[in-house]
Structures are given as C-alpha cells and as structure tokens.
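Chains as they are written, first to last, in the working numbering: chain Y, 1 to 147; chain W, 1 to 324; chain L, 1 to 377.
It is worth saying that the hints were derived from the structure and are not from the lab. Glycine is no exception: its CB is placed at the ideal position from the N, C-alpha and C atoms. Among the clues, some could well be false.
As the list claims (entries may be wrong) - From chain W, some residues computed to sit far from chain L (all C-beta separations above 10 Å):
1) Gly-49
2) Leu-63
3) Phe-190
4) Val-196
Claimed, not checked - If you want the footprint, here are the derived chain Y segments under chain W, 3+ residues with CB under 8 Å:
5) 12-23
6) 93-102
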Amino acid sequence: MIKYFINIVAGAISLMKGLFVTFKNLFSKAVTVQYPTQKLQMTERYRGLVDLRIEKCIKCYMCVKICPTACLALAHKETAEKKKEFVYFKYNMELCCFCGLCDQVCPTQAIYLNQIYEIAVYGRDKLRDIDLLNTEKYGEWAHPTVK
Amino acid sequence: MVSILTFIIMIAVGAAVLGFIAVSAMFLIWWERKVSAHIQTRYGPMRVGWHGVLQSVADVIKLLLKENIVPEDVDKPIWWLAPFFAVVPSVMVFVCIPFGNLFGIDLIARDLNIGILYIMALTSISVLGIFMAGWGSNNKYSLLGGMRSAAQIVSYEVPMIISMVTAVMFAGTLSMQKIVEAQRGMWFIFQPNMAVAFLIFVISATAEINRTPFDIPEAESELVAGFHTEYSGMKFAMFFLGEYTNLFIVSALAATLFLGGWQGPFLPPVLWFLIKTYGIITVLMWVRWTFPRVRVDQLMGFAWKVLTPIAFANLAVAGWILLK
Amino acid sequence: MTWSSVETIKENIHTEEFWVNMGPQHPSTHGVLYLEVKLSGETVVDLITHIGYLHRGIEKIAENRTYTQFIPFTDRLDYIAAMGNNLGYVLAVEKLMKMEVSDRAKYIRVIIAELQRVASHLVGITTFAQDLGAFATPLFYGFREREKIVELFDDICGNRLTYNYMRIGGLQFDLPKGADEKIKNIIKYMRPKIDDLESLFSSNAIFTARTKGVGALSKEKAVNYSVTGPNLRASGVKWDLRRDEPYLCYDKFDFDIPTGVNGDSWDRYKVRIEEMRQSLRIVEQAIGGLPEGDPTIKVGRIIKPEAGESYMRTEAPRGELGFYIVSDGSAYPYRMKIRSPSFSNLAVLSELAKGIKVADVVCVLGSLDIVMGDIDR
Numbered sequence: 001m002i003k004y005f006i007n008i009v010a011g012a013i014s015l016m017k018g019l020f021v022t023f024k025n026l027f028s029k030a031v032t033v034q035y036p037t038q039k040l041q042m043t044e045r046y047r048g049l050v051d052l053r054i055e056k057c058i059k060c061y062m063c064v065k066i067c068p069t070a071c072l073a074l075a076h077k078e079t080a081e082k083k084k085e086f087v088y089f090k091y092n093m094e095l096c097c098f099c100g101l102c103d104q105v106c107p108t109q110a111i112y113l114n115q116i117y118e119i120a121v122y123g124r125d126k127l128r129d130i131d132l133l134n135t136e137k138y139g140e141w142a143h144p145t146v147k
Numbered sequence: 001m002v003s004i005l006t007f008i009i010m011i012a013v014g015a016a017v018l019g020f021i022a023v024s025a026m027f028l029i030w031w032e033r034k035v036s037a038h039i040q041t042r043y044g045p046m047r048v049g050w051h052g053v054l055q056s057v058a059d060v061i062k063l064l065l066k067e068n069i070v071p072e073d074v075d076k077p078i079w080w081l082a083p084f085f086a087v088v089p090s091v092m093v094f095v096c097i098p099f100g101n102l103f104g105i106d107l108i109a110r111d112l113n114i115g116i117l118y119i120m121a122l123t124s125i126s127v128l129g130i131f132m133a134g135w136g137s138n139n140k141y142s143l144l145g146g147m148r149s150a151a152q153i154v155s156y157e158v159p160m161i162i163s164m165v166t167a168v169m170f171a172g173t174l175s176m177q178k179i180v181e182a183q184r185g186m187w188f189i190f191q192p193n194m195a196v197a198f199l200i201f202v203i204s205a206t207a208e209i210n211r212t213p214f215d216i217p218e219a220e221s222e223l224v225a226g227f228h229t230e231y232s233g234m235k236f237a238m239f240f241l242g243e244y245t246n247l248f249i250v251s252a253l254a255a256t257l258f259l260g261g262w263q264g265p266f267l268p269p270v271l272w273f274l275i276k277t278y279g280i281i282t283v284l285m286w287v288r289w290t291f292p293r294v295r296v297d298q299l300m301g302f303a304w305k306v307l308t309p310i311a312f313a314n315l316a317v318a319g320w321i322l323l324k
Numbered sequence: 001m002t003w004s005s006v007e008t009i010k011e012n013i014h015t016e017e018f019w020v021n022m023g024p025q026h027p028s029t030h031g032v033l034y035l036e037v038k039l040s041g042e043t044v045v046d047l048i049t050h051i052g053y054l055h056r057g058i059e060k061i062a063e064n065r066t067y068t069q070f071i072p073f074t075d076r077l078d079y080i081a082a083m084g085n086n087l088g089y090v091l092a093v094e095k096l097m098k099m100e101v102s103d104r105a106k107y108i109r110v111i112i113a114e115l116q117r118v119a120s121h122l123v124g125i126t127t128f129a130q131d132l133g134a135f136a137t138p139l140f141y142g143f144r145e146r147e148k149i150v151e152l153f154d155d156i157c158g159n160r161l162t163y164n165y166m167r168i169g170g171l172q173f174d175l176p177k178g179a180d181e182k183i184k185n186i187i188k189y190m191r192p193k194i195d196d197l198e199s200l201f202s203s204n205a206i207f208t209a210r211t212k213g214v215g216a217l218s219k220e221k222a223v224n225y226s227v228t229g230p231n232l233r234a235s236g237v238k239w240d241l242r243r244d245e246p247y248l249c250y251d252k253f254d255f256d257i258p259t260g261v262n263g264d265s266w267d268r269y270k271v272r273i274e275e276m277r278q279s280l281r282i283v284e285q286a287i288g289g290l291p292e293g294d295p296t297i298k299v300g301r302i303i304k305p306e307a308g309e310s311y312m313r314t315e316a317p318r319g320e321l322g323f324y325i326v327s328d329g330s331a332y333p334y335r336m337k338i339r340s341p342s343f344s345n346l347a348v349l350s351e352l353a354k355g356i357k358v359a360d361v362v363c364v365l366g367s368l369d370i371v372m373g374d375i376d377r
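Isolated chain Y, as found in the complex (with noise of 0.2 Å):
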C-alpha cells in the first residue's frame, strides 16, 4: 500500500522534471533561420554548383574521368598552332551529387564547386547541359552575398 503511493509520488515528481526541461527551453533563444529573409553564410569548403574557370582549364579530362555519376562532358579540338579549344563542356546537374571530387582531381583547380545553394528551378531543362563556357550560366541563382 505504501509502495503504491511511493510510485505515484516519484512518478508525479519525474513528470515534473520533464515539465521544467521543456520550460527552460520555452524561453530559450528559437534556432530558427527565417529563410527568404534571413539567410546563412556558406562555408568556405561549400559544395555548390560545379563551376569552371575557363582560362585555367587544360583539357586534361581529370574530372570527366573521375566524376562518380558522369555528369560532365568535355570534347575538344585541336587548332592548327596545336592549342587545344573547347568544342563544348556540359555539366548535368540532375545527375551531379555534389561530391566535388572533380574539385580535387583537378591539377590547375580550373573546375571547382561554387556557393550557389537555392537552385530551384521550373523545368529540368535547366538542370540538363549547363553549358560550363557560358559565363553567365549562373545568373539568374546567383546571390549577391555569394562570391
């Protein structure tokens, strides 16, 4: 008889410690970003959009060799003072996963991943061969706290 008034006791008083956790945090500081209007920062080592610097590039193929899911496209021709041109470099993005290996692998760091992360679009052509040459590829995401 006692044992069950004991265990009503220490269970009414567990409660209760439960009950102070969540009230402590009732006037905690909320952790919510409000999104459109307030937005973060990127991280240096950010994994955004593969994006090219195009003066830089060899044309070695590092980075279409290494790319996991073989969403870069790179050919190529040769001109008559031997200096490789681009024919064309596209980049899906619906396949891209973001790794950024091809960051890595690249030896004149050409090809790198930018800091573009709202890439919402309205239809998945835009995602399909983003042409790498064209520099204003990335206009219309482009945000101006992103370098």
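Assemble chains W and L onto chain Y, guided by the hints.
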C-alpha cells in the same frame, strides 16, 4: 410579440456562442502552434499576419476549398454523421458555461438548475462520434482507434465525474452559476481535498479529450491518424473543431468548478474567466509537448487502479468534512 | 440476421485475427519499411518485415566504379552516419592495399567518427522518443544539438549530409583553421545537453513504463541473430570492435564500453546515451593529442590494388559495418559486399514482436534504430 423577441434572443445567443467557438478554436490552434514552437525552440507560424495570427484563418480557407473525398467502401451514413456527432455535443455544452457578467447581464445562455448533470451527459456523447468514425471508415487503423477511444473515454468518465461531484457537494448545487457564487470567499482549489479533486479532474479530462499523453485513439506512431485517418477537408476540420472545443470546455469546467470561475479581484469577470481557462489550456499544451504517450493497457490500468480509487477516497473524505 | 435469441447473436458475432499493413508509407517505420502485422485485438500474433523499397544496387554499382569514385556512394548507405561508412570503406581499401596513413589522419578520423556517432545516436534516441509519442519536442532538441556537429562537418568538408570526406590513404582536407577550438566547444556544449535529454527521458515515469521490459533480447538470441552495436551491448555482451579489434588508433584512448542487463528497449536507449558520453571522452583525448603533419593525400592517383581480397569491419554507430572487397588487379573492384548493421538488427524484430502490443512494435523498432538506406543498399 414576446415569443418573437425570445426567438430573436435565442438566435443572437446561438450566433454569439457559435462565433465564440469558432474564434476560440482558431485562436487555440494558433496558440498551440506557438507554444509548441517555442518549447521546441522554433518560431512557429510567422508569415500570415503579425506572428502568424491569421494562420488558422488561412488553414480554414484551405480546408474549406479542399475536395470532399469519400473513400469507396465506407459505411456512408455513419461516416457522414460522425463529424457532426463529434462537434454538436461539445457545442451544446456551451449552454451552461458561465462566462461571468458584462454590464449587469449574466453571460450564460441558460443557467440550468441541473447544469453539471447536463454537461456530464453531453460530454459522454462525443465518444459516439469517434467510434462512428472509426467503424464507418472501414479502415483497420480507424477501427483500432475507435475501439481504443471507446474504452478510454468510458473508463476516464468515472474519475472525472466523481471529482466533479466533489465540487458539487461543496457547493450544494448543480447549477453552474451557483457553484461559482459558492466560491465567493475562497476558491475550491485552496482546500486540500479539492486540490486533489482538481488534479484528478484535469488528468482524466486530458484523457477524455484525447490529448497527449493519453492520445492513443489517434496515436500517430502506430495508427497513422487513428479514427480520422480517412477524413479530409471540412470533415477533418469538424473533428479538429470538436477537439479544440472540447479542450476549451474541460478547461472552462476546471476553472468554474475549482478555480472560482469568473470571480476575481480588480479585473472584469469575463476577463478572469478567460484568463483562468486559457491558463489551464496552456498548461495542458505544455504537458502535451513534453510527454510521450502511454500504452493502451497502461492507460486503462491508470484509470482503474490509480485515478478511480483516489477519486472515491477523496469523495469520502469530502463527505466526512461536510458532515463534521 | 435474426435477433431472436442470445444464441443466434453469439453464433453471428465472432472475433478474428486480422492483418494490418504498416508501411511502406507510415509515420514510424523510419523510411520505407513495410511491416505486415497480424493482430489479435491489440496484441501482435505475427510480424513479417518486407524490405527492398530503397534498393539501389549499390554493391553492383561498386563493380563499375573506381575505388575513389565509390566513396560518395558509401555516403548514401547509412545516411544518418555517413562518415562512419566513409571510414569503413576507406579502411577496407587501405587494408587491401596494405597502406598506412599518417598519424594525424588517423586522429582526425577518430575525432570525426566519434562525433558522427554522437550525432547519429542523438537522432536515434530522439526519433525513438518520437515513436513513443513525445510529439517532436525531443526530436527538435536532438536535431538542435546535432546541428552543431553537422555545422562542424560542413566547415570541414563542405557538405552537411553526404560528406565524402575520407580518402583512400588519408583525408580530403586537413581540419580548417580554428576547428580544434570548435570541437572543444562542441564537447563543452554537448555534455550538459546530453544530461538534459536524459532528464527529459530517463526520469520520466511514462517513458520508463513504455520501455522497461519491452522487447527484451536475450544474450544468446542477440548473438544468434548477429545483432551488433549498441543493441548487442544492451543485451549484456561486451563486444566493441574499437576495443576488441582496434583499428586506427583506438587502442591509445581510454574509454568504457557501456552494457545493459536485460536487453530491452530501455537498455538499448541507455547504452546509446552512455555511448555518446564515451565518444565525447574519446574526442577530448584525441583533440588533446592531435599530432602535427599532413593528413591529405596527393590527388588524382589511379588506385589499382593487387589481386586479392580484404574484409574490414568497423564499429559504425549502428553496429558492425563490414566491407568485403575482391580485387582482380584492375582499377575497379571485382566484387564488393557490404555487411550493414541495420540489416541484421532488423531481422530480430519479428522475433521480438510476437506477443507484445501493437504500440510496442513501434517502440522496439525505434529502439533498434534502423536506417533503411543501410538495410536496402
């Protein structure tokens, strides 16, 4: 002439009560979202209106515009009636909830002399709505939810009513208004055995209205949404409305029976009543967002092995005090 | 049906057992798990688990990827603890190539793996509480705490969920500037928060009533079903690969292996809480003794191990994670087999579920802490 006037007054009072229920439910939904959000260190709704006050309005509009989906194999009459059975009794209870008085007019639709009895009777009906929804949906989750609900509400009615009877014994009347007036000098809760009765009432009322930690009829983690799994649009909104109306009712009852109803110093009576009621509601919300859910057998065990004996013992003590 | 007598009613009304399909879309099956539950009222009579809704053929994909290319795929196995998979895979390849990594790389790997264990257990415990019906509040606390670790990982490797950080022979990057300070802050921040979580659950009468004695897994049964990780230790078997088969430099650190007694849901939860504390202890020691050096590797190497095979098992947050790699000397693995902890841990569910209430199925499932990506691969 007199009959027409009474009729108009009846319509006006009915409209006022319905309007209050709708606004109160919408406010409570917003308030619950805010309280839960801040407990979880979030903001909750922030976009629609100032701190999202109009969020519930937006939600209601969305629910009104939704297509009315009737699953193929439901038991149609029962399925259609269930939401109304969930809402109507809880609306009817408002007849004898004393809101206090404003400019000399008592804010109570009708002060029945058997007020408490009437409320006890009506709150028991709402289980029918839940059980009908569970049975009529022709869905195993809903059926399990409905069965659980029936067992739960019937069990918890016993301690709840006994604790209400304790208050009635002290007041010596069944009329809600008179019970409030009986607490003029001292609220009932300041007497030790009434405090126990208050606790039992609040706990069993939480179970009665299916809120966590006793929300097993709609236990999300195993029964998806319990009895209202198959409902959508306005019918779902009816269940929701019923739930929040019930929440208001039990808190109002607790305030009236144990916390002195609309009585209090300085502030107008209506304000006192609302402060007490919403205070209890906030505590119930705080409890809801803290505790896990109990299991169905533990729930029954708690009702019959803990609450009911204590409630009866408490009643006996109350009787002894009164006779002394 | 006539209602003439009690007998006819009794003839016409009968009870029967019925099947309930939980999943593949269900609030508490942790992904796309499909449970067929046979119920007699509220009591479970039989339970069949169906898996495969998240099957992506990762083992087959491995045969068509070079050794480096496969690392991002390991992130997608146990996505709650991607670093653990990264580590298990690179260790397996390093074992195949008989490669030794620098001391600093080892230490950083230990730090990362242990922080990942804390993050993973935070999710595991709090989703478990969510399954018991504690409406999202512990879940949010758990995720808030985990956020600190995820932010650190974001700083280190540039992503928040699929890290792709470990490399064969080292790491992708060294720790960024100020990272050790951040890690120390995380340890300082995390300890009281774990106590908070514990006081929210452990002392709670409802939580105790829901978990104690529910789904008790005996020592013998746990071993027979090859249950591993915290679930095995909760059954009282003191088996931890970090101590029993030390890899990296775990033998240099001082830590305890928490074990349970009954192997019920309560013990499984308790072991996880205690393991988080031990992990923080390891991180504290590792960050204190972090050697200097360069943990990164030369990039762009083509990895061609000699023909042969290797099996490497590591203590991932959910249990023993094994990678079995067969090499034929080319740049692609000939065959890869992944022994994932959640798969074996899930197998025990139908055994545990018999005879308990339907609400407890969810409780046991939550306490086993499975990840569907790990099971289906």
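Evaluated hints:
Here W/Gly-49 stays apart from chain L, with its beta-carbon at least about 24 Å from theirs, past the 10 Å limit. Residue placement check: W/Leu-63 keeps its beta carbon more than 10 Å from all beta carbons of chain L (closest about 21 Å). Every CB of chain L lies more than 10 Å from the CB of W/Phe-190, the least distance being 27 Å, so the non-interface label holds. Residue-level check passed: W/Val-196 sits 18 Å from the nearest beta carbon of chain L, beyond 10 Å.
Residue count for the segment 12-23 of chain Y with a Cβ under 8 Å from a Cβ of chain W: 6. That meets the three needed, and the coverage hint holds. Under a criterion of three residues with beta carbons nearer than 8 Å to beta carbons of chain W, the stated coverage of the segment 93-102 of chain Y fails, only 0 such residues being counted.
Violated hints amount to a single one, hint 6; each of the other numbered hints is respected by the structure.
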